Amino acid sequence: MIRVVLEVTTGPATGRKILLVPGQSLQVGRTEWADFAIPKDEQMSSKHFALETDATGCYVTDLGSTNGTFVNRRRLKPQERVGAGDGAEIAAGRSVFVLHVRSAASEDATATSRAPPAEGERPSLRLSRMAPAYVAQVPIAQTRSFTAEKCDSGLSLCRGSIEDISPSELAGALCSVLPVHLIVDFKKFAAKRPTELAAPNYLFGWLEPQAAELVSPVVVSQDEYLSWQTLIDEGWGNDAVICLFSQQEKSQLLEHLRQALYKGPDDATVNAIVGYCWPAVLSPLLSYSRPQFVERLLTGIDAVLIEMPDLPESWQLFGTAQIAKILTQLGFREQPAENGRRI
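The sequence shown begins at 33 in my numbering and counts up one residue at a time.
Calculated from the structure, these hints are not laboratory results. All of these numbers come straight from a predicted model, not from anything done at the bench. C-beta atoms are modelled at their ideal positions from N, C-alpha and C, and glycine is treated no differently. Check before you lean on any hint, since a few could be wrong.
Keeping only pairs whose Cα atoms sit at most 30 Å apart, straight-line, the calculated DSSO-like set for lysine-lysine is [what the hints assert, rightly or not]: (1) Lys49 <-> Lys109; (2) Lys282 <-> Lys357; (3) Lys182 <-> Lys72; (4) Lys357 <-> Lys109; (5) Lys109 <-> Lys282; (6) Lys182 <-> Lys224; (7) Lys282 <-> Lys220; (8) Lys49 <-> Lys282; (9) Lys357 <-> Lys182; (10) Lys182 <-> Lys109; (11) Lys219 <-> Lys72; (12) Lys220 <-> Lys72; (13) Lys109 <-> Lys72; (14) Lys72 <-> Lys224; (15) Lys72 <-> Lys49.
Ranges between beta-carbon positions, derived for each pair [what the hints assert, rightly or not]: (16) Glu74 <-> Glu240: 36 to 44 Å; (17) Trp238 <-> Lys182: 30 to 38 Å; (18) Arg113 <-> Gly307: 24 to 32 Å; (19) Ser208 <-> Met340: 20 to 28 Å; (20) Ser177 <-> Ala231: 35 to 43 Å; (21) Arg322 <-> Gln279: 22 to 30 Å; (22) Trp65 <-> Val209: 24 to 32 Å; (23) Gly89 <-> Lys282: 27 to 35 Å; (24) Gly269 <-> Thr46: 20 to 28 Å.
Work out the full structure: start from the sequences and follow the hints.
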């Protein structure tokens, strides 16, 4: 017989450990509808994923979550069920879980101890041998909307309220269609770089490592840091994070960004750093610059999710005319823009 311990290693419930035995099923989510609920993880769906055990192993099933369930960095399709062994990482919302699978004979008693919840956090736990039927969530379109307009730069601009959907949740929805890469300046919001990014890809790659550590933003792709959405939550509003959606390989994207930052896309003789890597600089350029300039700057980049200093309660998504169609396909409802400049 095996014993399974599901440990929360990242997120509001960090430190919690849940013991499962063969034949047990556990649903994890944000609300009391789940067997194990983490109310403070707003990126989780009401019932996000299920973990099942039998005499031979464990299985993870995505329960139609909005932001997806990732097993060892691979996103599951809705209702997809996969096997998961000892050491497997499961990412859901802002939380990351690690599976510990041991035989009953070798399982140390301390592995089943439950650490106390973090201060102010009380995850609820209700174990059942059979998973109850999945309750479908309310469609996004009933609660989330956006406006769309055409910019002087030629780009389409979709805008929505962060009260309806947070920037990190929006990025999580979009990454099911377009891979996401973040430009993060940890110095801007006094956050320590996660230990998982011990060998970061500095945007200012032409600098010596010691200098880059002091001044350079870092480029982080969704497949190299499971909790990438937390970086958006922490950096948003601090002129510290930009979300780039691109199907390029990260190495190609990095090369293009470095060339644009170090030389500028218009004048290759300029020997200076141009601050396109910060929202306060990039957002007005994407709105008002010449179309030819913006086209070169965004070569290979499908969309940009960014903040605007004068519009702190909204998110801005720049892209081609296709970006509004993608949002609609994801279940968002388009509303007329106030200035009437619909796409």
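(request) May I ask which of the numbered hints given earlier this structure violates, with the numbers listed in increasing order? (result) Per hint list: 3, 6, 8, 10, 18 violated.
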